[in-house]
Amino acid sequence: MAITETTREEAQALALRYPVARAALLPILHLVQSVDGYVSDEGMALAAEVLGLTRAEVGAVATFYTMYKREPVGNYLLSVCTNPTCKIAGAQAIYEAYVEACGGRHVDPDGAGVMVEHAECLGICDAAPVVQINYEMYGPVTHDEAMGLLNAAKAGEPPASNRSGHVPATFTAVEREFSGIDDGVHDQLVEAARLQAAAAVPPAYRTGETDLPVTHPGGDPSGHGGAAFRAAFDTPPGSPPAPQEQEVVEELAATGTDTAQELAQQVTGDDAATPDAVLPAADQPPVVPSSDPDDATEEA
Amino acid sequence: MGTTGQVTAMSYRYDIDGVADLEVYEQHDGYEGLRIALGMEPAEIVQAVKDSGLRGRGGAGFPTGLKWSFVAQGTGKPIYIVCNADEGEPGTFKDRPLMELDPHQLIEGMIVGGLALNSEQGYIYLRGEFAHAGRQLAAAIRQAYAKGYLGADVMGSGRRFDLTLHRAAGAYICGEETALLDSLEGRRGQPRLRPPFPAAHGLFGCPTTVNNVESIAAVPFILRHGVDWWRQWGTDKSPGPKLMCISGEVERPGNYEVALGTTVADMIELAGGMKDGRELRFFCPGGSSTPMLPASAADTPYTFEDIAAEGSLLGTGALMIYSTQTSVVDTVLRFTEFYEHESCGKCTPCREGGYWLSQVLRRIVTGGGRMEDLELLEDVCDNIFGRSFCALGDGMTSPIVSSLKYFRDEYETYIRERRCPFGLYPPAPDAPTVEFTAFPAAAGPS
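Line order of the protein sequences matches chains L and C.
If you count the first sequence from 1, position 101 lands on 101 in the numbering used here, and the numbers rise without skipping.
Add 1000 to a position in the second sequence, counting from 1, and you land on the number used in the numbering used here.
Extracted from the complex, chain L is given alone in its bound form:
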């Protein structure tokens, strides 16, 4: 398979579900894997083009997340949890046996094609040791059962998960599911995104609002933000929210936890660091810029 016009249309459809297009990047990268079996260069280029990003920006994201694979996986990905609870139940030996069975490699293209990996905690410690095939859970498994799973996957016939009862689909089919393209509520989500983008102050960052880079200050090329956002960008934002600060701080202090104290302190300090509040009230002395080095990064 390769990226086609259909892939592009589906990627554009995913972008429409979010009031700011870039939010669709993770789903689009799942979509790319569902076509190419991994995050290919072509796939990253497509994501960049659809979202108006540079390929470097997409690459930075694609290489950050464990589930985006930079080489072809084959039909089945086997993940062995090797965190302590699974490890003491025998998972480390299972993982090592998997690698040995694949000839010392992590990818074995023979048969149905498998990739093996060790995973961090898969969130099912009551079933230790746990193996996943294309993110379907199996556990607890004996060493022999685990080897049986590998062989079944290589033969293209993995059994149903003893946890969910589902037979794992192929890697590309599972990745398509993860993209959400077939979730079945597309029109509703597009309408929701459209309404948000048309809000009095639409979602997006104004320069100086956070330390995040503003990707598309005038609205992005796919039309998100757009004119409504530009108007908000040119005019000063509305009066800053004043969430009854005194009351809030008193309540925080009453809870008595360290976190609460810390947060209370930070909430009271919020004003000085929020651009909305930089203009001092008439009877207040001007806000002196903080010498705290952390604050300097806010300019980005």
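Hint data in this document are derived by calculation from the structure and do not stem from the laboratory.
Predicted model only: the values in this text are computed from it and were never measured.
Glycine is no exception: its CB is placed at the ideal position from the N, C-alpha and C atoms.
Keep in mind that the hints are not guaranteed to be accurate.
Computed far set for chain L versus chain C, every beta-carbon distance over 12 Å [to be verified]:
hint	residue
1	118
2	144
3	152
4	155
With the Cβ distance kept under 10 Å, some of the chain C side facing chain L (calculated, not the full set) [to be verified]:
hint	residue
5	1092
6	1100
7	1131
8	1135
9	1142
10	1145
11	1185
12	1332
13	1345
Here the structure of chain L is known, so what remains is to put chain C in place on it, guided by the hints.
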């Protein structure tokens, strides 16, 4: 303190056949909390959550009602409610079963949260690896839209609420709320500088709250049954039931719902006692990032305040039980490797510290450790704790610092005997001590 021990509150639908289906859910009190919420003012809902004393179930234990009251109203921006379903703290497995078995419970909670916060859009940020939970949630959301619980006219009230299921791609750090927001925006999941807080500038620069699955799912129960019902369990500061994940060396590891205030020892009994009659040696009360405690602390009531008084944290409710057959040092090494792998790389103490902690621990388990390494570990931890950008760095140091406090003798045995006393690693043939003068020298290319 209220009653303790096992309870059936939030998990009561788990055993009902087919409750993931909307019709069955409706037959079992489903969307009753939402019906009640639709007759309340937003501030009343927030007040009810405040009165219940519900504390965040994602690890920090921050009061949920208070968090909701911070969300900026009337700014002209959309308001977002985000569900943190990126469950990944080692030892934690409570949110995934909830979403798999009773997905409408979470959807109902999201809608109620939306009403409380004047939010018309929710996102469920789901851990990517949870294929079955994603399948269940997607189907439940379809049903909820079809039946008018979601969409332009929630239950004929004229209120709008839309819900997007967003599957992530595998990064523990995205459980940190600002990293989650960055990830949801299509960026690398790295934490943000605060302030500004998400309550004012969160998702897409808009007022946002991020709450754990269990916290959100609790709200319809509180509205349906009342604050007193919720407060019949637990203590004044830690009220309510808690979904517990009991794992490790017990006979029946699994999900248990208990009243807060139940002792750790009672929970071990609930899980069938120690596996094969082994002897309890240590436990992590709330996941791998909470300091481990020795067996002598097993009579501690499981509340935020009592666990904190013992020097640890309640965390996510992930109780990990280990016996005298298990090596503390090797367990710590594996936890440390986890944090090393999951560090996002944004700040130096965590990124570099994780690497060096793993190196030193690995040297100790393979027989090359030196006594000075114990001070070295403490020193590196001291340079990470409180100096990293987010709590991941702090969490990395917890297992090391706590194990050195309670089980220093095991470290010393590894070093003195130049081998793993549990036989997990072959001793180095001549047990060489690696020359290791200073970090920069050792780090540079040879």
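Hints, verified against the model:
| no. | hint | result |
| --- | --- | --- |
| 1 | 118 | violated, 10 Å |
| 2 | 144 | holds, 21 Å |
| 3 | 152 | holds, 18 Å |
| 4 | 155 | holds, 21 Å |
| 5 | 1092 | holds, 6 Å |
| 6 | 1100 | holds, 7 Å |
| 7 | 1131 | holds, 4 Å |
| 8 | 1135 | holds, 7 Å |
| 9 | 1142 | holds, 5 Å |
| 10 | 1145 | holds, 5 Å |
| 11 | 1185 | holds, 5 Å |
| 12 | 1332 | holds, 9 Å |
| 13 | 1345 | holds, 9 Å |
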